[in-house]
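Q: Chains as they are written, first to last, in the working numbering: chain F, 76 to 425; chain B, 76 to 425; chain Z, 76 to 425.
Please note that the accuracy of each hint is not assured.
In this list, chains with the same sequence are indistinguishable; a pair is considered to hold if it fits within one copy or across any two.
With a straight-line cut-off of 20 angstroms between C-alpha atoms, the simulated SDA-like cross-links for lysine to any residue are [claimed, not checked]: (1) Lys-78 to Asp-263; (2) Lys-223 to Thr-204; (3) Lys-78 to Asn-262; (4) Lys-320 to Asn-394; (5) Lys-78 to Gly-277; (6) Lys-305 to Ala-360; (7) Lys-279 to Gly-210; (8) Lys-78 to Arg-270.
Simulated from the structure, these hints should not be mistaken for lab results.
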Amino acid sequence: MSKTNAGNFFEDFQIGQVIKHATPRTITSGDQALYTALYGSRFAVQSSDAFARALGYAHAPVDDLLTFHMVFGKTVPDISLNAVANLGYAGGRFLAPVYPGDTLSTVSEVIGKKENSNGKTGVVYVRSTGYSDDGTEVLDYVRWVMVKKRDVTSPPPDAVVPDLPAAIDPQALGNAVPLLDTVHWENDLSGSPFRWADYETGEKIDHVDGMTVEEAEHQMATRLYQNTAKVHFNLHTESESRFGKRLIYGGHVISLARALSFNGLANAFHVAGINGGRHVAPLFAGDTVYAWSEVLEKAEIDGRSDVAALRLRLVATKNRACADFPLKDADGKYEDGVILDFDYWALMPK
Amino acid sequence: MSKTNAGNFFEDFQIGQVIKHATPRTITSGDQALYTALYGSRFAVQSSDAFARALGYAHAPVDDLLTFHMVFGKTVPDISLNAVANLGYAGGRFLAPVYPGDTLSTVSEVIGKKENSNGKTGVVYVRSTGYSDDGTEVLDYVRWVMVKKRDVTSPPPDAVVPDLPAAIDPQALGNAVPLLDTVHWENDLSGSPFRWADYETGEKIDHVDGMTVEEAEHQMATRLYQNTAKVHFNLHTESESRFGKRLIYGGHVISLARALSFNGLANAFHVAGINGGRHVAPLFAGDTVYAWSEVLEKAEIDGRSDVAALRLRLVATKNRACADFPLKDADGKYEDGVILDFDYWALMPK
Amino acid sequence: MSKTNAGNFFEDFQIGQVIKHATPRTITSGDQALYTALYGSRFAVQSSDAFARALGYAHAPVDDLLTFHMVFGKTVPDISLNAVANLGYAGGRFLAPVYPGDTLSTVSEVIGKKENSNGKTGVVYVRSTGYSDDGTEVLDYVRWVMVKKRDVTSPPPDAVVPDLPAAIDPQALGNAVPLLDTVHWENDLSGSPFRWADYETGEKIDHVDGMTVEEAEHQMATRLYQNTAKVHFNLHTESESRFGKRLIYGGHVISLARALSFNGLANAFHVAGINGGRHVAPLFAGDTVYAWSEVLEKAEIDGRSDVAALRLRLVATKNRACADFPLKDADGKYEDGVILDFDYWALMPK
Chain F
76 MSKTNAGNFF
86 EDFQIGQVIK
96 HATPRTITSG
106 DQALYTALYG
116 SRFAVQSSDA
126 FARALGYAHA
136 PVDDLLTFHM
146 VFGKTVPDIS
156 LNAVANLGYA
166 GGRFLAPVYP
176 GDTLSTVSEV
186 IGKKENSNGK
196 TGVVYVRSTG
206 YSDDGTEVLD
216 YVRWVMVKKR
226 DVTSPPPDAV
236 VPDLPAAIDP
246 QALGNAVPLL
256 DTVHWENDLS
266 GSPFRWADYE
276 TGEKIDHVDG
286 MTVEEAEHQM
296 ATRLYQNTAK
306 VHFNLHTESE
316 SRFGKRLIYG
326 GHVISLARAL
336 SFNGLANAFH
346 VAGINGGRHV
356 APLFAGDTVY
366 AWSEVLEKAE
376 IDGRSDVAAL
386 RLRLVATKNR
396 ACADFPLKDA
406 DGKYEDGVIL
416 DFDYWALMPK
Chain B
76 MSKTNAGNFF
86 EDFQIGQVIK
96 HATPRTITSG
106 DQALYTALYG
116 SRFAVQSSDA
126 FARALGYAHA
136 PVDDLLTFHM
146 VFGKTVPDIS
156 LNAVANLGYA
166 GGRFLAPVYP
176 GDTLSTVSEV
186 IGKKENSNGK
196 TGVVYVRSTG
206 YSDDGTEVLD
216 YVRWVMVKKR
226 DVTSPPPDAV
236 VPDLPAAIDP
246 QALGNAVPLL
256 DTVHWENDLS
266 GSPFRWADYE
276 TGEKIDHVDG
286 MTVEEAEHQM
296 ATRLYQNTAK
306 VHFNLHTESE
316 SRFGKRLIYG
326 GHVISLARAL
336 SFNGLANAFH
346 VAGINGGRHV
356 APLFAGDTVY
366 AWSEVLEKAE
376 IDGRSDVAAL
386 RLRLVATKNR
396 ACADFPLKDA
406 DGKYEDGVIL
416 DFDYWALMPK
Chain Z
76 MSKTNAGNFF
86 EDFQIGQVIK
96 HATPRTITSG
106 DQALYTALYG
116 SRFAVQSSDA
126 FARALGYAHA
136 PVDDLLTFHM
146 VFGKTVPDIS
156 LNAVANLGYA
166 GGRFLAPVYP
176 GDTLSTVSEV
186 IGKKENSNGK
196 TGVVYVRSTG
206 YSDDGTEVLD
216 YVRWVMVKKR
226 DVTSPPPDAV
236 VPDLPAAIDP
246 QALGNAVPLL
256 DTVHWENDLS
266 GSPFRWADYE
276 TGEKIDHVDG
286 MTVEEAEHQM
296 ATRLYQNTAK
306 VHFNLHTESE
316 SRFGKRLIYG
326 GHVISLARAL
336 SFNGLANAFH
346 VAGINGGRHV
356 APLFAGDTVY
366 AWSEVLEKAE
376 IDGRSDVAAL
386 RLRLVATKNR
396 ACADFPLKDA
406 DGKYEDGVIL
416 DFDYWALMPK
């Protein structure tokens, strides 16, 4: 039996199977500093202990997407080492604040499986849950990936496709945010006078700025998350691939777009739920990422007068400014340059 | 009203106007680790809790220029997003030690304003003050920037040009340094036997070493400081600029030159005052930075027998070694390769 | 007398000479975060406070090679600034766990010296010891370097070549590991079911994955360690060297290979001893590093039923996969692509 991990193939996954992933990871202020250096995130709650404490946090929580990447990274060696594509996300909920010093680990359950008609690959659905060291659930989400079969002659399993929500119910949001004393929310410090009431459904915001990505940056980010997907790191093999170069981790794009969205959504301090997400096209080093957002929906949360929710579509492009809000053409195909179509709930002070 | 920040134009600034900047930022040991990784700074006081504590610090303070960059970075979205050039610094004073865990915020006051004769731009002078979360002033300095007018037809304001000191009075230095028990200052550990008495006015020191800068490095640094100036990050737009590439944040050059100056000034452990500074020419990724220093002045500080001050001119070059101390030619023009002319006070143990 | 450090030449070293190196350095969780971002190390003991505490550590220790690089880096300005080559390592022992917050300093003793027959260079042997701030020895090792003579006419000294062990006695291992309560060692979390008993002498393991190195990465790493060797940082001078480019710090290769070895040796959580090491060929940015290991020897440690030792040969290559375990050709010469031949003791739970 080989001592190295060759990853799992389509046949290896069983409905109901539970996988406890390596490596547990204590998140530190060093990780948060790197996160800031890699994306330039400027949300006040995550940047300042003083700002966070005045509102009612113990101190500044780490960026929500840092938590997401840490929880996600652990699943790669077991779930997606032989993945052809990361197809989508759904049902992501941030369930508790994560602070430096917390140790995160991840457990996944296989909840769906369906062979593709080509007989060579199949789709595997997993629900992954991130836990803090005291057993608190901090995040759960579903993703589905296209995975190679080990043996093209193995018979197809019974198809099981889970019923996934189109969006998280807003009443299920906000568990990662203590009740906030928003009288201490200073707009000058947070970077914007615009609160939840100032946004309207259908409103589109061009986030204006662009950020060029370097190989060293995305490699450092992806290693920080202990994500081992080979395509991000190995020029020697990737130079023979169809792209001829290293592919940037899709989560890196989400974090860049989210950081860019500060300019226009500075008070959208918390990613509370991930409704869905699609990596429309690959990103490579040297490309410049831009982003725009659309307000899809507004929702209040029962029992909370401090914060409310905006459902946002966050679109990222490469080498294309977003003043004209590029998305899909008349045929419903994504326009050239669009790389990410991400649907999430953010919380804002009222 | 747009939700994105388009920055302020010349007409937007009013004498006496006070701007409280976003984003408050807790400095951590993660930021200091990144600072070391980005510049290779080796000053013992900032590197070692044990060394700093033996002298009388609570523990190791962060590098003074890390504090400077953090305080400066916050001002960019409000002061210099539409700046054509960062013209100069004056009157910079480091007022209290900054330790990991301190949260910094910045407030600026507009203290001068003068339209340029071309009618298209003007110079704005601001005094920016960095505060710790308990209200302690940790740094203040003046900078002036050339800013575009929103409307070339708007009438020129009354010119107000502040009276700025050519240099900080040495008696005003040292507030960021507790009284030190310098019997515990070990030259072996600090890296040099040369103390304040060993330097002479007029003495020039070639710092010998050179450091090549990469795009990923200056981008990570500048994002760490949450400095949002567009020219540092966006290859897509900058490839159309007069340089055709991304411009490196001037503060990155100051930090590189300061780190290089360890070789020759290892005991100049503290930047106590910034008298002035000029970015003579731009730096780009791939360039190699060298530096040399001249001792401009020596001064004792009343009531302190532990430390005294050296006024230093720190000159940085690109792609040119500094054995011949390059500065200005016979016509008073900066020589090719000179990129920084920086005038500061450093403290050294006696 | 020059205020800058020109480094020591062969004549400057005396047998028995003791050198206390600058700069003492407090290791923090920021350094560990950068270490993870630079190499992608995934060993559970160093990644998780919770995992480490359950076993009996105070909390997660830093990666052993981070300690090594920090202790080593300090020696460069005094020992190897004028080195032509870093010839070898021997007798390396990790003597105490290092935790974030510990301050490390290094003292070296010159233990050997021998002029080369060309009369231009000589070999200097030093034993370097890393100390924590309470005086605890955390690491010692011997290295020997080829150093230029200051004056080719100076007479050769009496040759003194120290007697160095071919390998550390396994009974001397394990001081940096408290007695572990290995009932809490969860294989799922550590990433492998294979314990010490599952490995056999002579067994070879291809670590499969490859990692491409960027200039920004190795520069940030080497500066983090405050290692000042010029060849790693200065493109302006190195473009005129025989390689025409910057050379990557050899220790960066060791850390990359060690991190890659997780895939196959996930439970080899601790580098306990360095028997020897040779940098066979240089590594440059853009190259992709692969690695394989051979189990050279197995040893139990008296008085310990928790862990035991594997002596491992760790071989790294560039731009060459390791499925065929490349090492030496029929003439005993290293094969093309081999860059590191490293012999160390690792500890594993039984």
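Q: With reference to the structure, classify each hint as holding or not holding.
A: How the hints compare with the structure:
1. Taking the shortest Cα distances, Lys-78 and Asp-263 sit within 20 angstroms of each other only across copies (14 angstroms), while inside one copy they are farther apart (56 angstroms).
2. When the C-alpha separation of Lys-223 and Thr-204 is checked against a cutoff of 20 angstroms, the pair qualifies neither within a copy, at 24 angstroms, nor between copies, at 51 angstroms.
3. Proximity of Lys-78 to Asn-262 under the C-alpha cut-off of 20 angstroms is restricted to the inter-copy arrangement: shortest distance 13 angstroms between copies versus 55 angstroms within a copy.
4. Proximity of Lys-320 and Asn-394 under a CA criterion of 20 angstroms is satisfied in both settings, with 18 angstroms inside one chain copy and 14 angstroms between copies.
5. In this assembly of identical chains, Lys-78 and Gly-277 lie within 20 angstroms of each other by CA distance solely across copies; the values are 14 angstroms between and 53 angstroms within a copy.
6. Taking identical chains as interchangeable, the C-alpha atoms of Lys-305 and Ala-360 lie at most 20 angstroms apart whether they share a chain (16 angstroms) or sit on different chains (18 angstroms).
7. Taking the shortest alpha-carbon separations for Lys-279 and Gly-210, neither the intra-copy value of 40 angstroms nor the inter-copy value of 39 angstroms comes in at or below 20 angstroms.
8. Proximity of Lys-78 and Arg-270 under a CA criterion of 20 angstroms is satisfied inter-copy only: 10 angstroms between copies versus 54 angstroms inside one chain copy.
Hint check: violations occur at hints 2 and 7; the rest are consistent with the structure.
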